[in-house]
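Asks: Going down the list, the protein sequences come from chains A and B. Once you know that position 58 of the first sequence is 58 in my numbering, the rest is easy, because the numbers rise by one and skip nothing. Once you know that position 90 of the second sequence is 90 in my numbering, the rest is easy, because the numbers rise by one and skip nothing.
Calculated from the structure, these hints are not laboratory results. Don't take each hint at face value.
Any copy, or any two copies together, can satisfy a pair, since identical chains are not distinguished.
Stated by the list, open to error - In silico lysine to any residue, SDA-like type, Cα no more than 25 Å apart, as pairs:
#1 338 x 232
#2 268 x 49
#3 48 x 145
#4 193 x 280
#5 56 x 2
#6 56 x 145
#7 268 x 108
#8 66 x 151
#9 66 x 143
Residue-level listing of the chains:
Number of protein chains: 2
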Amino acid sequence: MRINDSTPKADGFYMPAEFEEHRCTYVLWPEREDNWRENAEPGQAVFKQVIRTIAKYEPVMVGTNKSQYLNLLEMNMPNVQILEISNNDAWIRDCGATFVVNGTGNMRAVDWKFNAWGGLVNGLYFPWDQDDFVAAKMAAIEGVDYYHLTDFVLEGGSIHSDGQGTILTTEECLLDPGRNPDMTKEQIEEMLKEYLGAEKVLWLPKGIYMDEDTNGHVDNICQFVEPGKVVLAWEDNEQDPQYERSKAAYDYLSSQTDAKGRSLEIVKIHVPNPVLITQEEADHVDVVEGSFPRREGDRLPASYVNYYNCNGAIILPIFNDPHDQEAIDTLQSLFPDKVIEPIYAREIILGGGNIHCITQQVPRL
Amino acid sequence: MRINDSTPKADGFYMPAEFEEHRCTYVLWPEREDNWRENAEPGQAVFKQVIRTIAKYEPVMVGTNKSQYLNLLEMNMPNVQILEISNNDAWIRDCGATFVVNGTGNMRAVDWKFNAWGGLVNGLYFPWDQDDFVAAKMAAIEGVDYYHLTDFVLEGGSIHSDGQGTILTTEECLLDPGRNPDMTKEQIEEMLKEYLGAEKVLWLPKGIYMDEDTNGHVDNICQFVEPGKVVLAWEDNEQDPQYERSKAAYDYLSSQTDAKGRSLEIVKIHVPNPVLITQEEADHVDVVEGSFPRREGDRLPASYVNYYNCNGAIILPIFNDPHDQEAIDTLQSLFPDKVIEPIYAREIILGGGNIHCITQQVPRL
Chain A
1 MRINDSTPKA DGFYMPAEFE EHRCTYVLWP EREDNWRENA EPGQAVFKQV IRTIAKYEPV
61 MVGTNKSQYL NLLEMNMPNV QILEISNNDA WIRDCGATFV VNGTGNMRAV DWKFNAWGGL
121 VNGLYFPWDQ DDFVAAKMAA IEGVDYYHLT DFVLEGGSIH SDGQGTILTT EECLLDPGRN
181 PDMTKEQIEE MLKEYLGAEK VLWLPKGIYM DEDTNGHVDN ICQFVEPGKV VLAWEDNEQD
241 PQYERSKAAY DYLSSQTDAK GRSLEIVKIH VPNPVLITQE EADHVDVVEG SFPRREGDRL
301 PASYVNYYNC NGAIILPIFN DPHDQEAIDT LQSLFPDKVI EPIYAREIIL GGGNIHCITQ
361 QVPRL
Chain B
1 MRINDSTPKA DGFYMPAEFE EHRCTYVLWP EREDNWRENA EPGQAVFKQV IRTIAKYEPV
61 MVGTNKSQYL NLLEMNMPNV QILEISNNDA WIRDCGATFV VNGTGNMRAV DWKFNAWGGL
121 VNGLYFPWDQ DDFVAAKMAA IEGVDYYHLT DFVLEGGSIH SDGQGTILTT EECLLDPGRN
181 PDMTKEQIEE MLKEYLGAEK VLWLPKGIYM DEDTNGHVDN ICQFVEPGKV VLAWEDNEQD
241 PQYERSKAAY DYLSSQTDAK GRSLEIVKIH VPNPVLITQE EADHVDVVEG SFPRREGDRL
301 PASYVNYYNC NGAIILPIFN DPHDQEAIDT LQSLFPDKVI EPIYAREIIL GGGNIHCITQ
361 QVPRL
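Using the sequences plus the hints, can you model the full thing?
Replies: Written out as structure tokens, the structure is:
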């Protein structure tokens, strides 16, 4: 049921950290032909690899439009459930529910308003009506009530929680005029605190270079490893436009403390070398009026920080790049008890995001 | 995930009785204009009443086609979850999953083949492809594996279980040529035992008079009250064609013992006076090629035995008939600890079934 007259904070709920235990992971199935090249088949192959890999560690709930239901059902993947969840595209991190818990074994969901990353100002497609129902459907499947925001736009990829009162976000995204243009930064911060049950919001200035689709989501540049410790996408080359973005984030984080008053330990993970769209890749995306153009030579916002932290494993996007091994090694040292599961994810980044963007966790109570 | 190479019985699973505790109830939302008059609005009003009544006692999961999703969501009914489950019509008792449990806290589902009550022989509509996916979707939402039958047709309304090894069914339905014409009665009985984890099948000869839609489903004529005790739809008037059906069932049941060797106590519940379709009711069903005709004066298979036995209540169809009070009193005496919830259900019987036919329980583990 919808809860319209209260907030998670008022009711004692908060967003746990992604690194805490999950009940399961939700994924949506891609099929949009003006976003995924070659009728989405190469993209589906990588999504399937992500799904099967996560399913080794926790249950995976895959939502799909009716059109692809039987295709998915017949794959009969172990520890994977196939659900009908209509959608406009497959970015469940952004259109899906944010789950919040209290200390006494209860869970609820937050159903933010979704407008395809900027609505009619600078969104990526129209309509986004089915995407905007995804959160309520996830809450229904999980059997929990949900907070329904009718006038506050947010995507799950623009926030991270440490589970102890601290939220990470970026000014580039949350202050972009395509979302909540009539609200001040202070008002937006207040909404995050109320609906995520948080005490402090850390505002990185910007996301990854060329992450124009999402206006610089934090989940591509920075993620909590544990309370008081983050990984940050890094670039050594001062001539690369990523450098000043990473440097600004580093300087900002170094100057801040979290909700518990701790200084943050910052672990750098170098980004891959620039990933550029090839002519072949650009040519095979269907052109539809209003859809986002793909041009040969455009740089993609590739980053290892867009990994997904599930029970027992880190599902890590790699790019067949010299920096892959360094990212694997760094994450293995940060998570000695987890398996690092690298997946060559170029096909997902071609669609506009990466592994973190196509997953959404449900906490285990 | 599908289980193709085993059976519930082989794996130690069985179907619990409906009168045992439920986790929740599933319902599908009606909208088919060639079955529900006046664009299904009167039918939807009664379904809503059934949903809200059950939701006083246990969670209700309402599945709907995409077209009616927002309509349902905006009702914001307490203890009710709205799910996307595409369907061809709203009879989840028949197209939905049968849940089976073992003694150690595990649940699975059985996904029978569904062919709209007779397929191309004497089924009620074509296609039934979305109905046939409902069971797998219910299993996915509940997060359980399911047994997938590709060549054995059965509807949930054609069986009742006492949870102790006994199954009730009717010859009229299960031996009808529209379902499994190449199987003998013995082979069909073996399938019931294997997939319901049962030891004994009791075969009533026929169902309710004029229950031609379902070919005489048992859930309209007989239901377990507790192990060793059933209610039976009865007719005193020997001139009424229902009499010989009820009498034959009574005589059969009186001659039988259940799986545990008990004789059955039979409690009669008199059917209402004949319920006939009015001209007004017949006129407002859209006519579509191949759909089931509604004619003024046709008798409807009205019976109180098509009640739903949920946690703490009996959801009872009534007909504004002199026999209503007797049915209420009989059920109250059979279930002294439950609330009898009578609902005027003429609109559902006009659609072809009744309250039991539009519900499906999930056991509580």
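Asks: None of the hints should be skipped; say for each whether it holds.
Replies: Hint check:
no.	hint	result
1	338 x 232	within (19 Å within a copy, 60 Å between copies)
2	268 x 49	neither (27 Å within a copy, 58 Å between copies)
3	48 x 145	between (30 Å within a copy, 19 Å between copies)
4	193 x 280	neither (45 Å within a copy, 58 Å between copies)
5	56 x 2	between (33 Å within a copy, 17 Å between copies)
6	56 x 145	between (29 Å within a copy, 16 Å between copies)
7	268 x 108	neither (34 Å within a copy, 46 Å between copies)
8	66 x 151	between (29 Å within a copy, 24 Å between copies)
9	66 x 143	both (22 Å within a copy, 19 Å between copies)
The structure does not agree with the numbered hints 2, 4 and 7 stated previously, though it agrees with the rest.
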